[in-house]
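J.: For chain X, the structure is supplied; the task is to place chains S, V and E on it using the hints.
Chains as they are written, first to last, in our numbering: chain X, 1 to 337; chain S, 1 to 337; chain V, 1 to 337; chain E, 1 to 337.
Bear in mind the hints are in silico, worked out from the structure with no lab data behind them.
Please read all numbers here as calculations on a predicted model, not as lab measurements.
Heads up, a few of these hints could be off.
Taking lysine-lysine pairs in the PhoX-like style, the calculated list, with each CA pair at most 20 Å apart, reads [said to hold, decoys possible]:
1) X:Lys185 - X:Lys201
2) V:Lys185 - V:Lys201
3) S:Lys185 - S:Lys201
4) X:Lys185 - V:Lys201
5) E:Lys201 - E:Lys185
6) S:Lys185 - E:Lys185
Residue-level listing of the chains:
4 protein chains.
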Amino acid sequence: MGVRVAVAGASGYAGGELLRLIAGHPGLDLVAATGDSSAGRAVTDLHPHLATLAGVPLRPTAPEEFADAELVFLALPHGHSAALAAALPAGVKVVDLGADHRLVDPADWHRYYPGEHAGRWTYGLPELPGQRAAIAAADRVAATGCYVVASTLPLAPLIAAGVADPDDVVVVAASGTSGAGRSPKPHLLGSEVLNDVSAYKVGTHQHTPEIKQATGARSLSFTPLLAPMPRGILATVTARPTGTAGAGEVRQVLAEAYADEPFVSLLPDGTWPHTAATFGSNGCQLQITIDADAGRIVAVSAIDNLGKGAAGQAVQCANLMLGLPETAGLTANGVAP
Amino acid sequence: MGVRVAVAGASGYAGGELLRLIAGHPGLDLVAATGDSSAGRAVTDLHPHLATLAGVPLRPTAPEEFADAELVFLALPHGHSAALAAALPAGVKVVDLGADHRLVDPADWHRYYPGEHAGRWTYGLPELPGQRAAIAAADRVAATGCYVVASTLPLAPLIAAGVADPDDVVVVAASGTSGAGRSPKPHLLGSEVLNDVSAYKVGTHQHTPEIKQATGARSLSFTPLLAPMPRGILATVTARPTGTAGAGEVRQVLAEAYADEPFVSLLPDGTWPHTAATFGSNGCQLQITIDADAGRIVAVSAIDNLGKGAAGQAVQCANLMLGLPETAGLTANGVAP
Amino acid sequence: MGVRVAVAGASGYAGGELLRLIAGHPGLDLVAATGDSSAGRAVTDLHPHLATLAGVPLRPTAPEEFADAELVFLALPHGHSAALAAALPAGVKVVDLGADHRLVDPADWHRYYPGEHAGRWTYGLPELPGQRAAIAAADRVAATGCYVVASTLPLAPLIAAGVADPDDVVVVAASGTSGAGRSPKPHLLGSEVLNDVSAYKVGTHQHTPEIKQATGARSLSFTPLLAPMPRGILATVTARPTGTAGAGEVRQVLAEAYADEPFVSLLPDGTWPHTAATFGSNGCQLQITIDADAGRIVAVSAIDNLGKGAAGQAVQCANLMLGLPETAGLTANGVAP
Amino acid sequence: MGVRVAVAGASGYAGGELLRLIAGHPGLDLVAATGDSSAGRAVTDLHPHLATLAGVPLRPTAPEEFADAELVFLALPHGHSAALAAALPAGVKVVDLGADHRLVDPADWHRYYPGEHAGRWTYGLPELPGQRAAIAAADRVAATGCYVVASTLPLAPLIAAGVADPDDVVVVAASGTSGAGRSPKPHLLGSEVLNDVSAYKVGTHQHTPEIKQATGARSLSFTPLLAPMPRGILATVTARPTGTAGAGEVRQVLAEAYADEPFVSLLPDGTWPHTAATFGSNGCQLQITIDADAGRIVAVSAIDNLGKGAAGQAVQCANLMLGLPETAGLTANGVAP
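With the rest of the complex left out, here is chain X:
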């Protein structure tokens, strides 16, 4: 008998990935999966890849559906988490995959999202200093945004160590299409995304303040790209080095930061990350160099936006909150080719 968990908002891509991870998790039992517009439909109608859930129906997203759950994952549209969380029984732990409880500064929320700011929860990025213990002690955790994970893992240690200038950071990050969600919008059709890389929300993406908050960057130029693949984020992070640290030294900062991390791999020198290597996993690949001519540190990261960028991260947090092994039900091994 595992811990009883539920997924609110199980019809989307992050919700589906949560269901997949829970189905393969040795310590979690799914007791409810909900979706408002999909209530009554079979899980496999929406997620035909989840063969082991054949016969399981989606329930409406109502508080009473979660009565049996010890922990609830919220994979709801932005702005819907607070109300549901407030209506859950006392003692139920919650991991929110939405943006509602990530931002410290309400002004950041109001600039990018509609509605009221719901207040901050413990930030669900275990690899940040101190966060692993904080998550383990929390009942409410706000899991990270996908671009934020990809940007923060390479950058935060560099700023914290004082080797990267927080005042001149440029991030260009290419995402697979599942990051744009499952609403059938014309520009997300296969006919449109095949053969195509494009930029969008240049300088205006809602993850911008969260990246700054999580990394300590004070000035950030952030350009997201859409790439013709279903999953994956490749982030190119550049910043000016401070002082005289060379390539070996900045590399050493990352090596030390992640020496004991089960999901973060600093690749051998000269080998650069590939999103395909993280497909379906909770892993993150990193590499870093200094371009001496340009006077810039260049760090590159790869994650699966639905894995370490969303559902994998959420399960990792849940494992910590529940006292399970942190890696239970997760893997750093991607599905490739």
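T.: Only chains S, V and E this time, still in chain X's reference frame:
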């Protein structure tokens, strides 16, 4: 402590998938991974997605490398399995992913492959009647060809039940590029396969006799296609109905054949298989209908060519041979989207 | 000064391809492009690839918009062509890319389409015997369905020559996503079609009667597949040989049928068609063999579903109707890789 | 009768695109196509999409093969252009698609390429101030590198106008796989590039000095990415604004620079470039903004790496050199979807 297993030929795609499955298997421990031309290189140099194997080197494919193994998976080029198998210590169990020991009739071997016929081993398709027990009792098992699995699971029960005519079978099956292997041939470049579907080896593919042997088809037109995706096979199998069985009755044949099978899903009526739903899994999706106007049964199957079509199948056989739960380390759930 | 042409229904993919071909055509001038739900929007808002049409707006699809046109292309949803055609000024020539006027037998129409049968127009496949002259003499032409072109070019000559049995034809054809149109349906999202091949409308596709009509097949099993590419159809057509004709003789039938055709290429023996080779073109690649063991002719064709399968075909017909060189504004050369 | 042209190095992707453009060009006649390792093979064996060249063989790359040519395109590996150019008959015009004659400073050559520096030719980017006339007057033109075009078109006018700081430029550019050439390297297999975006040659790409030379940038951090599509480059170019110019003013710089350019489109405000919109064309899409918070200009460009990035550019230069209309045989319209 799990059962000690080794992989001979770990540098290719099937070998890499074996390593991935073994790394996530609760009852198997990897004791050796070998590759002739890649000996000495790191596993992660060839398979950067296998983060948990960082630091593990590939060894040469020599008999002494398998001294500690209780079971060896052979993922070698065709024609190399017999010699290595003969040189392994007595008592070592073997699962061969190559074609060497699949065919009953030496004439079939000689028509499609060079060199001597190595003789038949127990055929590794557990879902065939009687094969599950035979595999469990065997020390040497020949796992199935990828197109053969995709063709046999929908067709064999129909011929066995006498509802499909074995004398007029047409199979057209589209495969992802990993099925063509890892040798860098010009026509397999990304630039060539993107935007492209093509036919190849029309009427001459080496899996043709194996499909006939496994299904009981006496006349088979088999056309393989190459599709722009890394994994997956979608097989369209058509045959003339015999007698007066209708769509409901032929569907019932498949429903009964696979009612208790953990990896084979007959989809709800009207829902057709998608390769994406089997990506990274050991699952198979099936659907069937009768086209009354055309006078043909049309059955469609989807598998992952590296999963149920190769490494997953091999692990399923190994589980049976070792007395482990048949589903250990495997899942029917694909990684999608 | 070229011939004045207009496109009704210019917002979809076939309409966009018509605009692209007209823009590059030395003998045609675009005088109007219309789209009901898109009226008022810029052409480049819907088709950002059509840089030379910057500043051109879409007009509503109303008869008066076509007052200046000498020929109108109709790329409307099925069932809308007849009413508009009837309202056009006398003397305006019309090429319809929809299904409305293709079928001879009203029963075929009623089985697959809603609404009344609009009656048959001259069938727009110039490579069929006699059709080139018929099209040149016609004022109303019904261009072909995409799967129909891909199936008919390899098959029709074989049945006409008496070398293929019309009573046992099996076609499996894989199409790129643009064939499914531009309506934002969930199953057409990039996230869904990437990594995926699937079958759909098995035995029930609306092109089935048109293929039979155009080829002379009396029994046809037709299975369409959706492949992860934006354009292209690869059709595998198999039929039983009649009499004793061998591979060389059936090949000769196609060689003679298309010896002088500018857009149809019978490939060198042993080379099989690739959709990528027809991308963006009006070309068709063919290859054929006899699988002696299976007792089946297997012919394979590749086209661009938006080219020879839709807009290219329509322009070829228009060239004939207008007395322009048949190849004007068209090419058999694909855009590859 | 058109101008007689030849292609040296016609077996690769840039060579194939040259053949395609020449075949569709109203003013050019192909008199020779050569390829050393492919000499004797049919053009359509290497480029099956070039149906109109059926029957044309590749000749060896020897000076005498070009005796009839008035202009020769060189699409050779780096380092091979100078020797062939020197051996051509006097009076033959040459457009080199290789890097041999692009760089002003021999030190730049020696840092990135082996062998001797061959000396500079007229630089083949007509949209740069003064270059159109220089190209028209030249007998030897060095066409641009693909990443250089994508970086230079958005950036050069900004630096020239003094609105962008040349001392802090960051470019991240994603390329389709054809940019990596046609040699069958393992990492370019379809199985490897599908589902994958990766970075390579970070800070060390050989186009870096050419971008600096063409744009006037003094400090450049350049990170190329490989994306899962056959063609296309999307470049994200960021630089610090100098002075107080706002988004409207920097946009106006590009608007004026390209107001009369047939192949460069500054998109409507708020619309961002898509590589798919330039597929198969000689067009370039641009967009620009200022991210006030980050204090950075962000400009994005899209081209086809084989079009405006290679063969299209070369034909545009040839048109100028030959006194043909600059746009002859070229289009700004992409093939989409």
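J.: Against this structure, judge whether each hint is valid.
T.: Going through the hints against the structure:
no.: 1; hint: X:Lys185 - X:Lys201; verdict: holds, 16 Å
no.: 2; hint: V:Lys185 - V:Lys201; verdict: holds, 16 Å
no.: 3; hint: S:Lys185 - S:Lys201; verdict: holds, 16 Å
no.: 4; hint: X:Lys185 - V:Lys201; verdict: violated, 24 Å
no.: 5; hint: E:Lys201 - E:Lys185; verdict: holds, 16 Å
no.: 6; hint: S:Lys185 - E:Lys185; verdict: holds, 8 Å
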